[in-house]
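Colleague: Protein sequences appear in the order of chains A, B and C. Just so it is clear: in the first sequence, position 210 is 210 by the working numbering, and no numbers are missing. Just so it is clear: in the second sequence, position 109 is 109 by the working numbering, and no numbers are missing. Just so it is clear: in the third sequence, position 136 is 136 by the working numbering, and no numbers are missing.
Source of the hints: derived by calculation from the structure; they are not laboratory data. Among the clues, some could well be false.
As the list claims (entries may be wrong) - Some, not all, of what chain B presents toward chain C, calculated at C-beta under 8 angstroms: (1) ASN2; (2) ILE6; (3) GLU7; (4) PRO14; (5) THR15; (6) ILE22; (7) SER23; (8) MET111; (9) LEU118; (10) LEU122; (11) VAL123; (12) ILE155; (13) ILE224; (14) ILE272; (15) LEU273.
As the list claims (entries may be wrong) - The calculated lysine-lysine pairs, modelled on DSS-like cross-linking and capped at a C-alpha distance of 30 angstroms, are: (16) A:LYS144 <-> A:LYS332; (17) A:LYS335 <-> B:LYS158; (18) C:LYS162 <-> B:LYS42; (19) B:LYS5 <-> C:LYS162; (20) C:LYS132 <-> B:LYS3; (21) A:LYS185 <-> B:LYS158; (22) A:LYS335 <-> B:LYS46; (23) B:LYS46 <-> A:LYS143; (24) A:LYS439 <-> A:LYS143.
The C-beta atom is built at its ideal place from N, Cα and C for all residues, glycine as well.
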Amino acid sequence: MLRKFFLICTLTFLPINSLMAVDWGSELGDHSGVDLKVQSIMDPYIDAVKEISPQFETATGATVTVEGFGYDGLHEKQIVACSQQDGSYDVLFIDGIWIGEFVEADCIEPVEDIWTAEGTDKSVIAWDDYIDSFAGQAIWDGKKMCLPFGGYWHMLHYRKDLFEAEGLAVPETFDDVMAAAKLFKDNPKYPELEGGYAMNMARGSAAGQQYYEWIYSAGAQPWESNYPGSPDAYADQRGLYNSPESVAFIEWMQEMVNYMPPGVEQYAWDERAKAFTQGKVAMINNWSVRTPLFNDPEISKVMGKFDVALFPHAEGAESVPPVGGWIACVNKHSKNRQAAWDYLKWFASPEIHREWVLMGAPPSRHSAMNDPQINAEQPWTPVLYESSLRAWQELRPRHALTFELIETLGIEVNKALTGESTAQEAMDTANKKIDRLLKSEGYIN
Amino acid sequence: MNKEKIEKLLFIVPTCLFLLTISIFPFLYSVYLSLFQAKLTKMHKKFFIGWENYQIILFEDDIFPTAIKNTFMIAFSSITIEIILGFIMAKIFFEIRHLKISNVLRTVTIMPIMLTPLCVGLVFLYILNPTLGIFSYILETFFGIEPFAYLGQPIPAKISIIAINSWQWTPFMMILLLAGLMTVPNEQYEAAKIDGANWFHVMTKIEIPSILSFVLLGIVLRLIECIRLFDIIYVTTRGGPGIATEVMAYFTYRTEFRSFQVGTGSASAVIILIISLIVTTIAVMLLRRVEKNEDFS
Amino acid sequence: MFFGAFKNQNAMFALPPVWIPDFTYIKNFTIMLSESYRYLLNSIIVTIGSTIVSLVFSLPTAFGLTFFKFKGSNFLADWILSTRMLPPVAAAIPLFMLFKYLNLLDSLFALIIVYTAFNIPFAVWVSASFFKRIPYDLIEASRIEGASWFQIFIQIAIPLSKGGIATVAIFVFIFSWNELLIALFFTVSESRTFPIFISAQVSQAQIIWGNVAAATVIQSIPPILLTIFLQKNIVSGLTLGAVKN
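One chain only, chain A, in its complex shape (with noise of 0.2 angstroms):
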């Protein structure tokens, strides 16, 4: 009865097509008997998963039943078993980019198919209810593919009371970043700090995502059509990876590497955000998945500390700063299609998505930017909810060799960080072989 009149309350403060009240009882089917088994990234996001999950359970009389992989185990074992027609998971939670891949692996059961056949209210989907930036994550070739429902943005995040204490303002551009980076390096003022700045420079993944995240503010771009607003980010896809711009981008990462952490080589997501924890360095740039844990006391020490702003950008160029994401996608070789259905359209509707923000996860639709609770609850929310209507939805491409561009970039960036080679080499090197790799599958003559 409570929970009504607060939603009533809440409701008054939102957009009117954003958070109707579904009666879930006729939505939903009945599901006795069903094991839903739902494949995810070990994201912080998954505890409030498996905490949301029971009122699914309840409602249908499904049990289901969340996995969590690491980012790489979870990919290769996605796509490998359901490009074998696979179906032992029956909802994947896959990361936007690589939507193109697994559509092309024949895994996916589109969620506009389903949802025509079915007939679905359109206020239980509230598509016009996601982020622009992110909600072009889930589609491929103009169809909606899945669901989104795990939105992430870049931003940097910053020790407020160190900033503070030395009277420097916000960081914007690059060099801002450098300055500061610089001079809380090796800071006999804050012996507890490490370093002044942490990014993720692990060879993979890690290192080859990170360029793209960065690359846009750089004032660079990857390839010839792919820049903010392109009207078709794929129609030219000749690499630019050894522009001036782009080079000048991995000798800045060079220098700033004397700025960060022992180890930092080794940083991917978790590295960097348990520096930033500890309080071992003094900025970060970092998804917005991690945010709350930087104000969760148990493992915090800088709680109420730090403070978000824009994602940088270099002098002269614009900040554009990173969208990515969790979308969930109905595997089409799964033998609870429709169990797996309901469970996607009750999870990210705005009613659910708001709840399963409130338990620690990130805001990836309107409503919940501007949801008071969630405001005071994750107080970044207003810069978070500005970086999102900022992004560029293809920074990571969407690609359908999306992996092997950021794992080919990733050993590429990796080798100038560690001094394997220089800049300039490195991505020269990086653009012959993508131009190889686009050559190889017919993207570019």
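Following the hints, position chains B and C against chain A.
Modeller: What follows is chains B and C alone, placed relative to chain A:
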């Protein structure tokens, strides 16, 4: 007579058939696939491209040649270390072979060989962690060396892999060499003593010749293991930093199962197979020889 | 050096990791086991299964290669041994396609078959080296008495080679228990083995060292116990039967 023949065949044929499907079939299929542009996630769309995959991985790309180089570099360095340390340890065990404690010591010593390589890799990953690990703690407290990412820099990463590999396999060499030392007839030592030969003479003139075939066998068996080196790389460096610890098995795994390019991956698999076949032929010859020696002693 | 390394391991496992101070030693185990007992069970089934199947295939073959004199028996033995040396990674994709065709991917059965295949050569070779030590007169006498080869195999060869069979069994057991690469290729969900579970814990997303340490301890128990109790057998197995105690 005929009945006996059938009985005899029943002893041998099932296993041979089994092995044929599991060893000859994969080889032929790898050769076949290596001539295609093929992706595991869309096998129905594969098309014939001839030798191009070999052309790419061997001559156009730098990663697989580096992987071959790294594999043999790691093999060569760790086997050398293993022989030297293994010989010293074998000598020690030889000297204390009558003591009761030697049995216990030997059990502890051969433990690393049996441990799951994955776990060995994990333990070292932890030990070498620059902020949490014991290794950097020791270096910092006793030698004042600032911790850094041992697995994140090309040369330290290579050294770490070699060290882990040698740590796990030195006992193996030790056991082989100990067996070799046991074959030295006692009279030879006594004769050397009478002649007043020093330890160096004993080692070069008596011990080394008699353990030579054991050393060779050890080298070849270890080479075979090193060609397969995968688990430790998989948990510690994943081939990085850059391509400093990329090895053949990991490259093949990565190409086939992360990029799903099974055409290119099969080409590298075929090359690994050919290299292994050569090493294996030598290994089998040596095994026969050592076995004969043993039978005579 | 070795003691040092072991102490480090113990220290790592015995102390609760300092950066998660609330977790106690035991708790790591219970949490980890409640998540992973099925994978542990899978590992046990696959390990024991492949050990038995390997013995069933390889002992008769080893017996045949030792006692039946026929043309090319040496060559056959060499060929069998050489298949052991082939790196598993080179066979992974073809076998993957084969089992996909048979619809056996992600099954414990497939893992047992593949592990058996990788172990037969070794098992044949080592058990043959033990069979060779059976005095040939003994076999001949039984033949004259009219025993079939099968009877000789069961009644004479096996009882006289118990040590050798134990050696073979230990090694097949350890191989299957430790195997990672093939399992990475072949398992999806139901058939995941314990090493796969452990390696998933250290993927790039999040490492919970407490759990990893607990899992590592459990994974290490069988190898450690086997080494302690069957050290002698291990020595001869390591050298493919070339060295006998």
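Colleague: Would you mind marking each hint as holding or not holding in the structure?
Modeller: Tested hints:
no.: 1; hint: ASN2; in the structure: violated (14 angstroms)
no.: 2; hint: ILE6; in the structure: violated (10 angstroms)
no.: 3; hint: GLU7; in the structure: holds (5 angstroms)
no.: 4; hint: PRO14; in the structure: holds (7 angstroms)
no.: 5; hint: THR15; in the structure: holds (4 angstroms)
no.: 6; hint: ILE22; in the structure: holds (4 angstroms)
no.: 7; hint: SER23; in the structure: holds (4 angstroms)
no.: 8; hint: MET111; in the structure: holds (5 angstroms)
no.: 9; hint: LEU118; in the structure: holds (5 angstroms)
no.: 10; hint: LEU122; in the structure: holds (6 angstroms)
no.: 11; hint: VAL123; in the structure: holds (5 angstroms)
no.: 12; hint: ILE155; in the structure: violated (22 angstroms)
no.: 13; hint: ILE224; in the structure: holds (5 angstroms)
no.: 14; hint: ILE272; in the structure: holds (5 angstroms)
no.: 15; hint: LEU273; in the structure: holds (5 angstroms)
no.: 16; hint: A:LYS144 <-> A:LYS332; in the structure: holds (15 angstroms)
no.: 17; hint: A:LYS335 <-> B:LYS158; in the structure: violated (47 angstroms)
no.: 18; hint: C:LYS162 <-> B:LYS42; in the structure: violated (50 angstroms)
no.: 19; hint: B:LYS5 <-> C:LYS162; in the structure: holds (27 angstroms)
no.: 20; hint: C:LYS132 <-> B:LYS3; in the structure: holds (25 angstroms)
no.: 21; hint: A:LYS185 <-> B:LYS158; in the structure: holds (28 angstroms)
no.: 22; hint: A:LYS335 <-> B:LYS46; in the structure: holds (28 angstroms)
no.: 23; hint: B:LYS46 <-> A:LYS143; in the structure: holds (26 angstroms)
no.: 24; hint: A:LYS439 <-> A:LYS143; in the structure: holds (26 angstroms)
The structure shown violates the earlier hints numbered 1, 2, 12, 17 and 18.
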